[in-house]
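Visitor: The primary structure of each chain is shown beneath.
Number of protein chains: 4
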Amino acid sequence: MAEGPNDRHETEFEVRDYECDLQGVVNNAVYLHYLEHARHRWLDTVGLDFAALHAQGIDLVAVRIEIDYKYPLRSRDRFVVRSAIKREGRLKIVIHQEIQLLPDSRPVAQAKVVVACLQNGRPSAPVQVFSVFDRLAGR
Amino acid sequence: MAEGPNDRHETEFEVRDYECDLQGVVNNAVYLHYLEHARHRWLDTVGLDFAALHAQGIDLVAVRIEIDYKYPLRSRDRFVVRSAIKREGRLKIVIHQEIQLLPDSRPVAQAKVVVACLQNGRPSAPVQVFSVFDRLAGR
Amino acid sequence: MAEGPNDRHETEFEVRDYECDLQGVVNNAVYLHYLEHARHRWLDTVGLDFAALHAQGIDLVAVRIEIDYKYPLRSRDRFVVRSAIKREGRLKIVIHQEIQLLPDSRPVAQAKVVVACLQNGRPSAPVQVFSVFDRLAGR
Amino acid sequence: MAEGPNDRHETEFEVRDYECDLQGVVNNAVYLHYLEHARHRWLDTVGLDFAALHAQGIDLVAVRIEIDYKYPLRSRDRFVVRSAIKREGRLKIVIHQEIQLLPDSRPVAQAKVVVACLQNGRPSAPVQVFSVFDRLAGR
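Protein chains in written order, with my numbering: chain A, 697 to 835; chain B, 697 to 835; chain C, 697 to 835; chain D, 697 to 835.
Take these hints with a grain of salt, some might be off.
The list cannot tell twin chains apart, which means a pair is met if one copy fits it or any two copies do.
Calculated pairs, EDC-like style, for lysine to aspartate or glutamate (alpha carbon to alpha carbon, straight line, at most 20 Å) [as the list claims (entries may be wrong)]:
no.: 1; residue 1: 808; residue 2: 762
no.: 2; residue 1: 766; residue 2: 784
no.: 3; residue 1: 766; residue 2: 755
no.: 4; residue 1: 808; residue 2: 764
Since the hints were made in silico from the structure, they are not lab data.
All chains should be built: construct the whole structure from the sequences, respecting the hints.
Guide: Structure below.
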């Protein structure tokens with residue numbers, strides 16, 4: 697996996713056959729798994745551990761996802777998820793994510809994921825988390 | 697499962713424990729599975745069989761999904777997916793889907809799914825499929 | 697869903713299209729999901745809540761699974777999972793599970809699942825759990 | 697990924713958070729996904745493409761799986777699946793697979809997977825496939 701500078705992140709993947717459905721292409725829902733894993737990998741590189749945060753009562757949750765499917769992934773395709781982050785207001789961050797086929801960077805899907813943070817179940821912006829987001833967002 | 701009149705459809709579900717992730721709530725991607733299953737159940741009631749269509753070279757594919765997550769589903773929750781359909785232009789249909797907790801109808805998620813039809817890989821509006829959509833959309 | 701007497705349990709399912717893989721049949725791994733859900737439904741009917749137990753530091757875990765695949769499930773198939781339980785030694789229980797197609801009871805798969813109980817990570821036989829298993833096992 | 701000599705194969709993985717369930721560990725069924733992906737990667741290195749075979753009417757199917765779960769995988773764990781193959785009779789092959797944690801090779805799970813080959817739905821031993829298996833099995 698290639699890691700870019702802090703304000704962008706890339707994770708490479710390869711389609712696994714069990715991710716394909718009876719149409720022979722990767723099932724729609726699986727793209728959300730790819731996007732989530734790419735986000736968690738990114739968080740990990742900057743010291744935010746999703747599972748450890750949960751154990752501390754801090755949960756990052758997607759509150760809205762928009763995704764455009766442009767070209768279907770198939771068995772054995774290699775692809776990259778490119779992510780960039782933006783703060784939105786006091787309590788939300790927006791992560792723009794693109795999936796591109798490898799090696800030719802053909803656009804596969806494009807998504808906008810709005811993430812909020814719950815602390816013991818309530819919307820919150822804990823400094824330990826949002827200071828990292830601000831750094832990633834270049835603020 | 698209750699079936700409404702043709703222009704709306706409801707499918708009831710119950711959360712299965714394996715659908716929950718380490719945060720103890722249903723994983724984001726799984727909601728797309730629920731929505732897909734509700735759509736396919738609906739198609740089934742009006743004589744469109746997703747797998748049989750694929751075998752004939754006709755693939756219904758989601759080209760865009762927007763979903764707002766409002767309240768997390770947890771282990772053993774029962775919920776309903778309510779769906780309504782609208783034709784959009786010549787080649788697309790839009791399905792509005794809501795997930796509500798049972799028995800109190802608390803809003804869980806709201807989605808807009810844009811579906812296109814590929815015939816041997818190319819955008820198409822085969823009469824056998826779109827005449828059914830038009831009927832469901834009340835046109 | 698039909699509930700039998702305590703020493704046996706049945707849960708009915710219907711194949712969901714996203715559970716099928718590119719061979720057009722339900723993927724191997726998904727059968728373990730069906731079996732797990734059937735077990736948890738059973739536990740639920742006798743007052744054992746898998747998620748609540750986890751919250752109390754008690755985890756039921758599969759330590760061994762044997763499964764024979766006899767006939768592939770396909771899109772829209774309806775089937776039943778029949779389960780029966782047996783105590784094995786002090787710390788283990790064995791659950792025999794059969795999957796049969798509906799309506800004709802054609803054998804689909806047969807499994808033996810060995811379950812142990814971890815309390816704060818260590819093998820254990822908490823009375824609140826094992827007394828229920830013994831009751832289900834007819835002891 | 698490291699590829700060993702032909703009679704053994706290794707694939708490296710990393711746990712993805714969505715693969716963990718509400719117990720905070722990788723769900724049982726997901727291990728079958730890992731094992732399948734490792735097998736398909738191996739087939740791929742010797743020129744057998746699972747999806748292409750299906751398109752030719754040749755389906756490799758698991759007929760029996762035995763798996764012992766020894767140590768639970770958790771968020772961010774890295775692990776390797778080691779596989780070895782054996783011919784069994786005229787129509788079956790047996791693949792022994794071990795999952796070990798990295799970097800210390802702690803045993804995570806051990807599995808025996810019996811695979812058969814269906815040609816247009818009937819048990820078969822097509823030369824193009826079984827000659828490869830025999831080569832991998834060192835015969």
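Visitor: It remains to establish, for every hint, whether it holds in the given structure.
Guide: Tested hints:
Taking the closest pair of Cα atoms, residue 808 and residue 762 come within 20 Å of each other both inside a single copy (5 Å) and across two copies (9 Å). Only between protomers do residue 766 and residue 784 lie at most 20 Å apart by alpha-carbon distance; the minimum there is 18 Å, versus 26 Å within a single protomer. For the homomeric pair residue 766 and residue 755, the shortest alpha-carbon distance between copies (15 Å) is at most 20 Å, but the shortest distance inside one copy (31 Å) is not. When the C-alpha separation of residue 808 and residue 764 is checked against a cutoff of 20 Å, the pair qualifies both within a copy, at 9 Å, and between copies, at 12 Å.
When the structure is compared with the earlier hints, no violation turns up for any of them.
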